[in-house]
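Q: As a plain string of letters, each chain reads:
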Amino acid sequence: MPDTSTILEFILIIVKAGAIAMVLFGLPLPLTWLERKIAGHIQVRLGPWRVGPHGLLQPFADMIKLLMKEDIIPYKADKFLFVIAPLLAMVPAFAVFAAIPFGEKVLIPGLDYELTLYLSDMNVGILYILAMSGLGIYGIILGGWASNSKYSLLGGLRSSAQMISYEIAVSFAVIGVVMLSNSLSLLDIVRAQGGNLLHWNFLYLPVGPVWFFIFIIGSTAEINRIPFDLPEDEGTLAAGFHTEYSGMKFAFFMLAEYIAMVTVSVLAVILFFGGWNAPFSIPFPIPPIFWFVGKVAFFIYLFMWVRFTLPRYRYDQLMNIGWKILLPLSLVTVLVTGLMRLYL
Amino acid sequence: MAEDKGSILELIKKVLFTDFVKGLTITLGYNVSRSITHKYPDEEKWVPYRRFRGVHTLNRTEDGRELCVACELCSKACPTQCITVIPMEDDTGRGIADRVAKVWKVDLVRCLYCGYCEDACPTRAVRLSREYELACTDLSCTVRQREELLKPVQVPESFEGGVVAKSEFLRSKRGIKVKVDLSSTRKRPL
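Protein sequence lines correspond, in order, to chains A and B.
Using the numbering used here, the first residue of the first sequence is number 1, and each one after it goes up by one.
Using the numbering used here, the first residue of the second sequence is number 345, and each one after it goes up by one.
Quick caveat, the hints were computed from the structure, so don't treat them as lab data.
One should not assume that every hint holds.
Using 25 angstroms as the maximum straight-line C-alpha spacing, the simulated PhoX-like pairs for lysine-lysine come out as follows [what the hints assert, rightly or not]:
| no. | chain 1 | residue 1 | chain 2 | residue 2 |
| --- | --- | --- | --- | --- |
| 1 | A | Lys16 | A | Lys76 |
| 2 | B | Lys531 | B | Lys510 |
| 3 | B | Lys521 | B | Lys383 |
| 4 | B | Lys449 | B | Lys420 |
| 5 | B | Lys357 | A | Lys324 |
| 6 | A | Lys324 | B | Lys358 |
Across the chosen pairs, the derived CB separations fall in these ranges [what the hints assert, rightly or not]:
| no. | chain 1 | residue 1 | chain 2 | residue 2 | range |
| --- | --- | --- | --- | --- | --- |
| 7 | A | Leu57 | B | Arg530 | 27 to 33 angstroms |
| 8 | B | Leu353 | A | Ala278 | 34 to 40 angstroms |
| 9 | A | His199 | B | Leu353 | 50 to 56 angstroms |
| 10 | B | Glu462 | A | Lys69 | 47 to 53 angstroms |
| 11 | A | Pro2 | B | Phe361 | 53 to 59 angstroms |
| 12 | B | Thr481 | A | Tyr301 | 39 to 45 angstroms |
| 13 | A | Pro2 | B | Thr369 | 57 to 63 angstroms |
| 14 | B | Thr369 | A | Arg341 | 32 to 38 angstroms |
| 15 | A | Leu157 | B | Leu353 | 37 to 43 angstroms |
| 16 | B | Thr369 | A | Ser120 | 38 to 44 angstroms |
To be clear about the criterion: a stretch of chain A counts as covered by chain B if any three or more of its residues have a C-beta under 8 angstroms from a C-beta of chain B, and this derived list gives those stretches [said to hold, decoys possible]:
| no. | region |
| --- | --- |
| 17 | 32–44 |
| 18 | 306–314 |
By construction, the Cβ of each residue, glycine as well, lies at the ideal position given by its N, Cα and C atoms.
Build the full structure now, drawing on both the sequences and the hints.
A: Structure, rendered in structure tokens:
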């Protein structure tokens, strides 16, 4: 018979997991609104405007539309894979958040209880995250394959090729961070960047910025966002891997994509921008979660901003960037980091 | 050598993402700039220039007599035969001559707004106004009769146009209308 504190701990973990899942399910709603609003303003339009004040209820209208839509499974599609693919894309995107810390312990006022702002402090956190986010690609590949349509298949294949070319470079960039902080745990990585701005990995000269740029470019390719959204290239592939999907299945793919964007923003903040550490010391207390959310919000904005700035790369250019520039560069940075750790 | 220097410069530019940053600053500028979208029909409405060809209007003289003499030149000039004019004799001073239109109607779904009727009119009675909200739920509004066309239009011909005017969105049984307030206008940005 386990004692009460263990049971309490167990319930707390379930509650935390539920809360994180709810937030993640809810996040795409404001993010789609934001994306369309930013798209509108960058193109000197207004964006969503008519549904609710400033179009704020637009995501709900979209959600109702997606729920009401006929859920079509193509006649010649592989039914089992076709149905399971959106889930395969979505589940790893959620699972990643099991290892992501949002902050250190906070003291709940009144209850006198210390709440940890993470589900688990895995000692192989970053490895787990890279592996899990890599798994999400299976959903895309299988969805493309099961649709039995040439556009979907090409989209799925492009996605897998893209993942192989960019995942390596991203992992090498992360290896640099791991070498610097001597730990795979994200908590330790953030703790190692404590203090002020200058301790952030981004400013670990000369390799810090290079890590960061490799990471951000590779991640953009991995989460299939412009300028690397080849798997769903509207120009040539109709809608790529989700051409044949409609209704809620399509919504699941979109959900996975938005959560992947949040994941990458969170990772960029944790790995390179000091997580929840303040950039400079401030005389009055500001909760660390403020810094964390602020930095993540900036990166989400950056992804949207870039999306409406750059055109899409051609497929061969994408492969060139991945194999001829990012991969060698990341290997060099690992070497340089090793030498710096040894002799500096 | 000069070429080498150029390529090194290019490389440095590439490494520092200069073009990328340039693009981002441009889009950021647009992101924070004012939108050029007209808030039509809620708050604003575009008032076209005088040359705009919208729904026909029949004019009167300053003392209120109809300019139309029912000469039927407009219906003859019309390439789509959408104007019907039936003349009649009248000596009560309704028109400027003793021949006035008994029926003057135009079928707006047939009309192609070419403006030939305007050109053909010897008395400048028929003009194409700047009214362009023609949507309705049935065919009742597609044929405009003389009585309706003789009413003064929202934007008088003396008004220069080419501006965005404050307006009011009116919803009624007969459909929706956007009423302009010509006293408060602004130039179109860009």
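Q: Any of the earlier hints contradicted here, and which numbers?
A: 1, 9
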